[in-house]
Structure formats: C-alpha cells, structure tokens
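According to this note's numbering, the stretch in the sequence shown is residues 3 to 312, in order.
Simulated from the structure, these hints should not be mistaken for laboratory data. Take the hints with a grain of salt, since some may be wrong.
[To be verified] DSSO-like mimics (lysine-lysine), calculated; alpha carbons at most 30 angstroms apart, straight line: (1) K166 with K58; (2) K140 with K197; (3) K166 with K226; (4) K166 with K197; (5) K140 with K166; (6) K166 with K312; (7) K58 with K140; (8) K226 with K197; (9) K197 with K312.
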Amino acid sequence: MTRTMPWLAAWLLALCLQATPAQAQLPRTFVSANGSDQNTCGRLTPCRTLLGAYAKTNAGGEINMLDPAGYGTLTITHSISIVNDGVGSAGILVPAGGPTSGVGIVINAGPDDEINLRGLIIEGTGVGVRGITFNSGKSLTIQNCVVRNMTDNGLEFLPTGSSKLSVSDCFVMDNAGHGILIAPSGVGSAVAVFKRVESSNNGVNGFYIEGRLSTGTTDATATKSVAAGNTLAGFFAAGAQLTVVDSVSAYNAFGIDAGSDSRIRVAGTTVTGNEEGWLDVGSGVIETYQDNFVHGNGGSEAAKTPISPK
3 MTRTMPWLAA WLLALCLQAT PAQAQLPRTF VSANGSDQNT CGRLTPCRTL
53 LGAYAKTNAG GEINMLDPAG YGTLTITHSI SIVNDGVGSA GILVPAGGPT
103 SGVGIVINAG PDDEINLRGL IIEGTGVGVR GITFNSGKSL TIQNCVVRNM
153 TDNGLEFLPT GSSKLSVSDC FVMDNAGHGI LIAPSGVGSA VAVFKRVESS
203 NNGVNGFYIE GRLSTGTTDA TATKSVAAGN TLAGFFAAGA QLTVVDSVSA
253 YNAFGIDAGS DSRIRVAGTT VTGNEEGWLD VGSGVIETYQ DNFVHGNGGS
303 EAAKTPISPK
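Could you put together the complete structure from these sequences and hints?
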C-alpha cells in the first residue's frame, strides 16, 4: 500500500494537469493590439491573435476585438463568433501563400457547427490568396465585413454537406478571381442569401453560383445588392437557381448570365452599362417579372421569359 501511494498521487496530478486547458476556456474572449497570447484572453488580459483567443474560447463562444489591429489568420473547426462592434479597422491582413495557404479564414467545421463573422476587414494587399474559404459546417453568417485585394477569390463557399450562407451589409471587391463563389461539391448542397452586398471590380464574376460540381441542390438569392465593374458577369449561375431582386448589375461584361442547367429570376433590378445586358447559354434560362430596368448596355437587352407574381 505504501509503495502504491506515490504512483497514485502522480497519476492524479497528471490527470489534473491534463484537465487544466479545458477548464481555462472562456465563453467570451478578447483580442487587443496590446495583448499577449500568454494571457487568459479575458477582458482585462486580452490575447494578441485570433489563433491565441480561439484556443481559449469554448465551442460556441465569442471572440471580441477591443481596438484596431491585424489579428492574424485562423482555421475554424467548431462553432464560434468573431465580432468587431465598431472599434475601427480590425481584422486580418492575409499573407502571401501557395494553393493551401494565404487564406484569411478557413472553415473546416462539423455538420452542426455555426460560424458568425461581424465587422471584419480581411485585406489581401495584392498578395493574400483568398479571404474566406468555407469547406464544411452547418452555416456561415457574415455581417458588416470587407474582403478585398486577394490574388484569387474573395469569398468561397464550398460545402461538401448541406450548408447555409447568409451575407449582409458587406463589400467584396478588387479581387483577382471571383468576388463571391458558391460551389458545393460531392453530395454537398448550398442555400445562400445576400442582402445589401456589393461585389465589384473583381477579375472574373461578381456573384458566381455554381451547382454542377455536386449532386445536391444550389440555390441563391440576392436582394438590394450590387455587382459592378467585374471582368465577366455581375451575376452568373450554372447548374443552380439564382433570384435577383431590387439589385444593380452595371459596367460588367455581362449583366445577368445564365449558364447551362440554370434558372435566374430577376425582379425590380437595374441592368445598365454592361457590354451585354443578358446572356443565356444552352439550357440556361432567365425569367423576368417585367419590372426591371434594362437599358444602356452594349447589346442583348431584349425582354426575357416573362413570369407573373403569385
């Protein structure tokens, strides 16, 4: 018995030490330009980076930004909210990198995980590859964010399962690839909703809804949104459904572009200043509620398939 006790005490001590990190996690953590990742990440002892705070935040918790700064890139694997509620220019300066790096935020979460991003500026400065890449998770909600100056796509939503995206009051601009790409793969399916989102001056399409890479459905709606100055289409869909309401597509190569196996419904929308107003290819269909303003384009302004409100 005497010989057993030291071993038992050591085992209990090791067990307690292993439990310490989980016990140290908080439901709400903070990051600051003056913080340190050696801190607890509490309000009075903030961390310096999102990575440091994420490690000390409970799943489903919240990381708050206390002042303007760049807080580093992050890979998210569980539910989390990252919030800047008006402290100034706070977010991520995306570094250069190859095909698997140089991304501001990567989301590889579980099927029940919900991720929320608010008030972030994700800046590529012409060297960062992609701003946000979503690979898996239940949902992603983005509010009041800016994603700009990437060498590839600004926002990618690429689920392999059933996932939802909601984006509101955001700017996605000056990226060399697509501004916003929705492209589930495998058995993935996507429902995406955009409200008051501007995707402008991107090197390919402003809003690109691609459903041909998966066996699931791909459905998107954009309302009160703007696609302007993009090299190809303002709004483009292929193998998917897209509804565009009370929006603007201007100064792109194509205003509204329906690729193969797609259906785009358009209502109350202005299409102007594009090289071509409409483009529908093969089995692509554009339907209009006949209350759009389509004028001042280089061509292709004829009325499309009419549908009636119900």
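Hint-by-hint comparison with the structure:
1. K166 with K58: Given that 30 angstroms is the threshold and the Cα spacing comes to 27 angstroms, the pair holds.
2. K140 with K197: 20 angstroms, holds
3. K166 with K226: 19 angstroms, holds
4. K166 with K197: With Cα atoms ~14 angstroms apart, K166 and K197 stay inside 30 angstroms; holds.
5. K140 with K166: 6 angstroms, holds
6. K166 with K312: 26 angstroms, holds
7. K58 with K140: 22 angstroms, holds
8. K226 with K197: Holds - the C-alpha atoms of K197 and K226 are around 6 angstroms apart, at most 30 angstroms.
9. K197 with K312: 22 angstroms, holds
Checked against the numbered hints given earlier, the structure satisfies every one of them.
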